[in-house]
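Order-wise, the sequence lines are chains G and L. First residue of the first sequence? That's 1 in the working numbering, and the numbers climb one at a time after it. First residue of the second sequence? That's 1 in the working numbering, and the numbers climb one at a time after it.
One or more hints might be untrue.
[To be verified] The calculated label-pair distances, taken between Cβ atoms and stated as ranges, are:
#1 G:Q80 to L:K2: 20 to 26 Å
#2 G:P100 to L:K2: 16 to 22 Å
#3 L:Y3 to G:E3: 49 to 55 Å
#4 G:S79 to L:S336: 57 to 63 Å
#5 L:I367 to G:Q80: 23 to 29 Å
#6 G:R193 to L:L356: 43 to 49 Å
#7 L:Y3 to G:V4: 34 to 40 Å
#8 L:N277 to G:F95: 23 to 29 Å
#9 G:S77 to L:N277: 32 to 38 Å
#10 L:L356 to G:D175: 45 to 51 Å
#11 G:T62 to L:M353: 50 to 56 Å
What the hints contain is simulated information worked out from the structure, not anything from laboratory work. Note that the Cβ used here is the ideal one computed from N, Cα and C, for glycine as well.
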Amino acid sequence: MAEVLARLEGVSRTYQKGKEKVEVLHNLDLQIPTGDFVAIMGPSGSGKTTLLNLLGGLDRPTSGTIHVGGAELTAMSNSQLSHWRSTNIGFIFQFYNLLPVLTAQKNVELPLLLTSFSSKERAERAAIALDIVGLADRARHYPRELSGGQEQRVAIARAIVSDPSLLLCDEPTGDLDRETADEILKLMQILNREHGKTIVMVTHDAQAAQYANRTLHCDKGTLEAREAA
Amino acid sequence: MKYFGLIWHNIWRKKIRTSLTILSILVAFLLFALLSALGYAFKYGEESADAERLIVIDKVSLINLLPIAYQNQIASIAGVHSATHATWFGGYYQDPKNQFGQFPVDPHEYFAMYPEFKMPEEQFDAWVKNRTGAVVGKDIADAFGWQVGDRIPIQSTIWTAKSGEKTWEFDIEGIFANEEPRGNTSMLLFHYDYFDEARAFGQGLVGWYIVRVDAGADPVQVQNAIDAEFENSRNQTESAPEAQFAAAFAKQYGNIALIVSLVLGAVFFTLLLVSGNTMSQSVRERISELAVLKTLGFSDRAVLGIVLSESVLIMLMGGLLGVGIGVIAVRGVAASAGAFLPGFHFSPTAMAMSLLLMVGAGVVAGIFPALNAMRLSIIDALARA
Ligand SMILES: Nc1ncnc2c1ncn2[C@@H]1O[C@H](COP(=O)(O)OP(=O)(O)OP(=O)(O)O)[C@@H](O)[C@H]1O
Ligand SMILES: [Mg+2]
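Throw the hints in and build the complete structure from the sequences for me.
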């Protein structure tokens, strides 16, 4: 069995909604091996986004521990987490979340502002990332001048530019037509197979899940993530 | 700073809104430059005052005259180095709006009292010899294009000559400069002897005394001794350091400093509301973008710094433009009308003050939006988007 990149042990996450407590994740154990490409499916409200947030250090579990790549997230301070995210995690969102005031190139350079690279090095690395996603010729375009699929490619370039080991994708093709979605999914497959990225992808689309190595199902809002048949 | 590009592009996210905000900042700082130059002009007399000079006026009112006989009495008081006098002539040249100071004085005494006034010796000698001669300061000579040898009429609003004439004619025998580069030279000086003889009334009376205190003597003691000397005379006196006299003189025009502060206070209060509103709108409409920055690993403090820098940068752009235009305007006014408003000048202190004000106002306008951005919860903000 491959080395484990992410390990959740007895993780629960409870939200306080007014007086009511909603337990979104209950005593969850999960291991994600390095190099895996996991799809997570499940009904709305079942806690998929919550799980991604926990894996990416954006949220903290109510109880349990989370290790990612040797770091114990549950033992880190907020500012440690924020620094850790910048080098270890790439996030890809359903609505791309590019900054509209920056060009594609500058959007991709954003995470590198947190490094000690010179502006020349930043530009070079961003150019390489844009080349990997096939958008080298759109570097100077602003997000509003790009199609949805192109915007998502820029977002992927931004997610991989600081060479993180884990990519967390929340419905990355949820806003795209079939054909464009397939292109994006193929790109993710390449990142997984050729660039060795471990990917956790939340999706509602069974066809999208086909691109992954395996699919986990989140059920009933609480409790378990189990292997698909 | 590597965040500059990000900050700069964020500022111009809404071009019209930002331009209008910058324009209002510009106007506020333009006003600041003009009003502080005006305030400086009124404080100018105070700042250029000599600590060893006292002014002695009538206790009841500045416009009451004092007997010339007081001069010898003052001069004999312990601690007094020398004393001379001057009188307000209250005249104008050609047009009532061309007002400036004219004073009948004793040439030797007066120039000894004000060593900062400099003129060629031969011009001074020529003036001493000519009873109807006068000397003028460089500023006023430049303003009216006067030259040595000109004969000029001055219309007095106070003094009638024995001939019944209110227009007095003087031969310009010399032009003096002030050793201090920005010192006031907007005045005309002429012979007291001639004035006293020619005026229709008020013989033997002068406007005020100027007293130089002995080096080492305590000016306050001398001041008290002078006033004590005339306590039982018909005209009691009030002595004060030159600076205090200048301040009291400026107050005749109202409390300029207070008016300036009130106007500026109102302007800057409005300015803070305008730019504070711009900043909070700008933060509100990009909650999700700020959350994305934090997701990418930008720290809370970095996000705070980015928003604050935007606010300060907007303030600096508007402020520097406003002060820049203000300085040009002040120079223009000083060049064309400086003779009537000596000290109208944008001082280095005011410049430093305006920079402080820009940064301070930028921080105040941006701090609450910036704190909101800093405290933003990533998951809430992303869920909302
Ligand atoms: N910050 C929060 N405060 C309160 N409740 C929350 C919060 N975030 C999520 N929840 C609740 O937790 C549950 C799981 O939310 P989550 O976003 O993880 O679901 P999801 O599986 O991603 O759903 P979807 O498919 O609609 O994106 C939902 O019932 C949601 O209302
Ligand atoms: Mg979700």
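Here is how each hint holds up against the structure:
1. G:Q80 to L:K2: 20 to 26 Å: 22 Å, holds
2. G:P100 to L:K2: 16 to 22 Å: 20 Å, holds
3. L:Y3 to G:E3: 49 to 55 Å: 37 Å, violated
4. G:S79 to L:S336: 57 to 63 Å: 59 Å, holds
5. L:I367 to G:Q80: 23 to 29 Å: Holds, at about 26 Å.
6. G:R193 to L:L356: 43 to 49 Å: Cβ of G:R193 to Cβ of L:L356: about 59 Å, so the range 43 to 49 Å is violated.
7. L:Y3 to G:V4: 34 to 40 Å: Check passed, 37 Å falls within 34 to 40 Å.
8. L:N277 to G:F95: 23 to 29 Å: 28 Å, holds
9. G:S77 to L:N277: 32 to 38 Å: For G:S77 and L:N277 the Cβ distance comes to about 35 Å; the hint holds.
10. L:L356 to G:D175: 45 to 51 Å: 49 Å, holds
11. G:T62 to L:M353: 50 to 56 Å: This hint holds: roughly 54 Å between Cβ atoms.
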